[in-house]
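S.K.: What follows is each chain in one-letter form.
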Amino acid sequence: MTTPDTGDRMRGAAADMSGQPSPATALIPVLTVALSLFGLCLLWAFAANAWQSRAFPGPGKVWQVLLREAASGDLFYHLGATLSRVAAAYVVAMVIGSVIGVLLGSYRGADRFFSPWVILFLNIPALVVIVLAYIWFGLNEAAAIGAVAVNKIPNVVVTMREGARALDPSYAEMAAVYRFGPLDRIRHVLLPQLQPYLAAASRSGIALIWKIVLVVELLGRSNGVGVQIYVNFQLFDVAAILAYTLAFVAVMLVIELLLVQPVEQHATRWRRRPA
Amino acid sequence: MTTPDTGDRMRGAAADMSGQPSPATALIPVLTVALSLFGLCLLWAFAANAWQSRAFPGPGKVWQVLLREAASGDLFYHLGATLSRVAAAYVVAMVIGSVIGVLLGSYRGADRFFSPWVILFLNIPALVVIVLAYIWFGLNEAAAIGAVAVNKIPNVVVTMREGARALDPSYAEMAAVYRFGPLDRIRHVLLPQLQPYLAAASRSGIALIWKIVLVVELLGRSNGVGVQIYVNFQLFDVAAILAYTLAFVAVMLVIELLLVQPVEQHATRWRRRPA
Amino acid sequence: MQPVGAVVPLRVDIAEKIFRSAQGVSVTALKDLSFEVRQGEFACLLGPSGCGKTTTLRILLGLDKQFSGSFQLPEGGSNRIAAVFQEPTLLPWRTVEQNVRLALPKSLRTKDLDGLFDILGLAGMRSLYPAELSLGLARRAALARAFATEPAVLFLDEPFVSLDGRTAERLRHLLLTVWSERPTTALMVTHNLSEALMLSDRIIVLAPRPAHVLGLFDVPLPRQYRSPQVMSDLLRSFHQKFPGVT
Amino acid sequence: MQPVGAVVPLRVDIAEKIFRSAQGVSVTALKDLSFEVRQGEFACLLGPSGCGKTTTLRILLGLDKQFSGSFQLPEGGSNRIAAVFQEPTLLPWRTVEQNVRLALPKSLRTKDLDGLFDILGLAGMRSLYPAELSLGLARRAALARAFATEPAVLFLDEPFVSLDGRTAERLRHLLLTVWSERPTTALMVTHNLSEALMLSDRIIVLAPRPAHVLGLFDVPLPRQYRSPQVMSDLLRSFHQKFPGVT
Amino acid sequence: TAKVRIGVLKFGTVSWALDTLKQHKFDAANGIDLEIIYFAGEDATNVAMLAGAIDMIVTDWLWVSRQRSEGSDVTLAPYSTAVGAIMVKQESPIRTIADLKGKKIGVAGGPLDKSWLLIQALARRDHGLDLPATSDIVFGAPPLISEKAIQGELDAVLNFWHFCARLEANGFRRLVGAEDAARALGASGAVSALGYVFHDKWANENPDAVRGFLKASAQARDLLTRSDDEWLRLAPIVRAEGEELAKLRDRYREGIPRRPVAEEAADAGRLYHVLAEIGGEKLVGSAPEMAPGTFWQELLK
Ligand SMILES: Nc1ncnc2c1ncn2[C@@H]1O[C@H](COP(=O)(O)OP(=O)(O)OP(=O)(O)O)[C@@H](O)[C@H]1O
Ligand SMILES: Nc1ncnc2c1ncn2[C@@H]1O[C@H](COP(=O)(O)OP(=O)(O)OP(=O)(O)O)[C@@H](O)[C@H]1O
Ligand SMILES: [Mg+2]
Ligand SMILES: [Mg+2]
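Chains as they are written, first to last, in the working numbering: chain S, 1 to 275; chain W, 276 to 550; chain R, 551 to 796; chain E, 797 to 1042; chain H, 1043 to 1343.
Be a bit skeptical, because a hint or two may be false.
[What the hints assert, rightly or not] Once the Cα atoms are required to be at most 16 Å apart in a straight line, the calculated EDC-like pairs of lysine to aspartate or glutamate come out as:
1) LYS1045(H) <-> ASP1271(H)
2) LYS1052(H) <-> GLU173(S)
3) LYS656(R) <-> GLU539(W)
4) LYS1052(H) <-> ASP74(S)
5) LYS861(E) <-> GLU173(S)
6) LYS1289(H) <-> ASP1271(H)
These aren't lab readings, by the way, just hints derived from the structure by calculation.
Working from the sequences, and respecting the hints, build out all of it.
M.R.: Dropping the structure here:
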């Protein structure tokens, strides 16, 4: 049984696969980001125009506030304080959380025993931990950073535990047969498999940490973006809140685009790109 | 060159691999959880004894408060209100976040364009979103739940995006060759691969949502655990704060042990257990 | 350009296929590769390891669109394609039986598979997950999946490696049964010359990378006449025509 | 119990190995499997697909401890073990060369590998990632890894499938070179009887699952005398001793 | 000179007086060295004092009583009698408490806010009205509640006094103040809602510090009462100008306590019963009476 030629004919789509990427191609990511940010501003300006309200200033207004705060030096002072807290808590939380998470994911017995503890710590409100930390350890930076880390660690644990559970045992077996040293195992066998989980935990982690730092600052610090945001909330000065928020977001964006994405692309270059 | 018998002799460790698991084996998980919780209480009682402070009541004190609040019915009323908000926001955030995340992880161009937006929304403080939601949509449930979902969605997106990036293309190719329907693809090819990411996003997701719900309730609701916690915080009644927290944690624990873990074990029974 | 009602062959006309590796190395896998397989014919692709056979199959399966050139699949019949990949590619989270049934079109989903599983020696393994199979068993499961779909076009990438001789022999016969039951065009990659001589109507011999056709070797003899004696004659004449291949 | 200074063989004595599948099926893979390989000997394991060969190797490699019985590895030499798994098992995120070097002990890390890569036909592929290799190339990379470590004990699980005849032949010779350069005990799984006859001192024939030893076939002839003529005699006598195997 | 560390809200009402105090060096004049530590929230100051990071905060007498009855030794020196009020729009049809029935009322500070409890008590006594049952009550953060009132989503709002003052300057009027309710419920005059709070122990160890501080703060308040120019100077930290600043100034001045502390303490004791009755154990704990020593004993002498 044959049918007339309705043609399952296919043509390849190869354009110029060979040769170095042209300078135009290299520009694409930069242009995309610029376009993306521009689109966002446009949307914002449009929305702010549509819902005119003191609670939702447009980009122009926020930009003015940003310039004013930057000129007075306040912006950099508070942003610096917050950023250093975020960075410290991030490092502490990621290291401790990853280690615990991988251990729990690897040892079923330990996991069974500690999993209620993880659920508990995961669900303790930030407020409780922060207040207890301040009361026990005094109103100081260490208590603040520790409290943030304790809040974040269970999240890292949960993500890394899934990562450890999903590890492919055949690579570990290969490493065992060829007697890889512990460092090689971590660097060449474990970490590359955990990379997507680390990336997920890092990205949502730094965001969560920054949000908790805001609360920590609100509850017991005299400087930092959290203090500024809350003070401006009392005055209902949304433009100032947004200005401080966006300053932080801008820093994150720069880190993401100049540091995280290139590193990530390098770390995952081995992946077969879906055709 | 031979060495004297320093014996690389190995014995197998097979005990009773055959036969049905005995009833004693089936009891182990229950016992472990009981032991785990008991250990936690012990640790807590001990710590509360060591750092005697009004800010850190022992388990006995908190248990009394819990009973009192339960007897008055307040506990169930507020817990119920909070749980329903958590559940609603959870469903909304997981569905929307997963879809966006998988799309961004699959389409590189879209990801490049929207990744700054994701960073932005990831880092907007809960306060800002909640206040804007209340201002625009009124002081009502829809605004509250929407605000929580908006806070959580970027986290889900980030995790699921990593999951989508880590998908093994050979399964998708197999499905394409054998012309799997869209539903089969999602159910049998996509979801099983995304399972660990979904599990991570869910667990830390529900914890994050509950924490944001607390803030939402604090800022503009009249019932719920958040309101109770805040009122008790103003009175500095830490025992009551802990009582409400633990009531929520208990609910989560029951869900985890009776629902999530069995489902998860069933979903991952195909995995080769590390020997 | 095809006359109406004509039987459309599998026609391959790939001008070039170049991979760019992550480290920037350019690998030309195919160059001016063109051949035809008539409808209902069984053809074998024979070529050195790494020459581009799998790449060719992937292009024909529509899994790789980054090439220059064109190809055409045969028309008619159920229009279903089945493939046995070089690695089994079973869904690890589905049992053997589920893996097979999922690949079936809706109309065949509840088909009786007992006979197929029996011949393949998978009867007791239907409820196992792929990680619980030996590699040979996994390959057989992949074969079961391909055969069960009753395809019109069948692509096989070294289906019978990792099997002991007896099992492989049994499966070759099964393949021939499946292929002859309905009009099926088959293209099989193999490194095993005697396998190719036994199964195929035509052997397409490829050069080392970049792959292009070195020559064709037709086996016009019906399969039942391919006795050990005839086979060794065929072998000899193949070696004469392609000295140095295999 | 060993006399001091004695040469310790590879001794396997597995009473039973039972798998429990996730769905609750019990699979007895090995039952009363016992054999010995003398130090410096090259032995082949021959048995039907799915009989338990890979399981045996996994137990010997220490990857599976859930069995009853015992085994003993040969002593002496570098005490290093190398294995070629049935699937290549390369780290996908490291290049071919990195994969090979990572498996080397610290003292050999900077070793010159050009010759090895050349013979294996991997010279131009050192900087590729495993996903960019054909299956045959990946297998060769796995072989390179095993050979480069200069092992005292070598386990091979069907190392030469998915390779064309010429390449396979070249690699068999390479294997013999590596094996004879230093005192190496080798145990190789294969489905290819002539390969076994050409390479090994002793063939251990296994029964279908649950695996146990059906019999041994010794090939006491030095390898250089194994001409095509001798080989076909050996084949015949093997078939006489084990009718119905392969 | 004795050192005093006080924790206050940045831009909060207390910081206005403290700024004046610092500006005019009243602290040095009274032999103390005042260190002002700014926080973003009132709760932060509570935590800070519990953590021992500061000596003094500003909070209300009910909190002090509750802490004392639970064994703490905090005590209070009156600072301000200004309290919240229910505000409605100028043109609103709501004229009396009774009109609140069935309306949507925003309440800042939560269900146990003192002003809210007093107004509830008043509504119940005078109009037989159970506000939580008959009206739609929305609790929320003070700035949000104010904004919602301006938007018109809420028919009436109960907010803290400085939010009320700002609302007044924006077309709102006072329906009923918490101080009116207090008086109606038995207080003989204005009772200080807020006071400087510190530990007895610290006060006993540093009596000069406390006295010096109270004197300096009184001088600052005197200046704020007398001088309108001082308010103009404060405008940037008050974050108000024109009408709004004037309203805030007037309300601030009205809120300066003028009665002997003993009278206030007696009134507070009376109000305690009213509050305990309506707020219940949740609010006051198990103590049936206001804890003795809630008002700093030294001031009662
Ligand atoms: N993504 C890729 N990037 C770079 N090179 C690639 C990629 N995929 C395949 N190649 C190269 O293309 C060539 C052909 O590969 P292919 O898999 O088609 O070989 P093959 O003929 O199937 O070999 P085998 O018999 O070993 O399976 C190989 O040299 C391989 O290294
Ligand atoms: N985890 C497991 N659970 C259940 N059965 C298993 C498991 N692992 C292996 N088996 C079974 O054990 C048997 C032996 O497996 P093994 O991999 O040793 O076979 P093999 O001799 O290497 O076969 P092949 O030649 O196909 O590679 C097979 O029947 C397989 O299904
Ligand atoms: Mg191939
Ligand atoms: Mg095997």
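S.K.: Confirm or reject each hint.
M.R.: Status of the hints after comparison with the structure:
1. The straight-line distance between the Cα atoms of LYS1045(H) and ASP1271(H) is roughly 29 Å, outside the 16 Å bound, and the hint therefore fails.
2. Of the supplied pair hints, the one linking LYS1052(H) and GLU173(S) is violated, its CA atoms being roughly 60 Å apart against a limit of 16 Å.
3. Between LYS656(R) and GLU539(W), the direct Cα distance comes to roughly 29 Å. Violation of the 16 Å bound is thereby established for this hinted pair.
4. As the CA atoms of LYS1052(H) and ASP74(S) are separated by approximately 14 Å, the hinted pair is consistent with the 16 Å bound.
5. The suggested pairing of LYS861(E) with GLU173(S) holds, with an alpha-carbon distance near 13 Å, which does not exceed 16 Å.
6. With a CA separation close to 15 Å, the supplied pair LYS1289(H) and ASP1271(H) stays within the 16 Å bound.
Comparing the model with each earlier hint shows violations of hints 1, 2 and 3; every other hint is respected.
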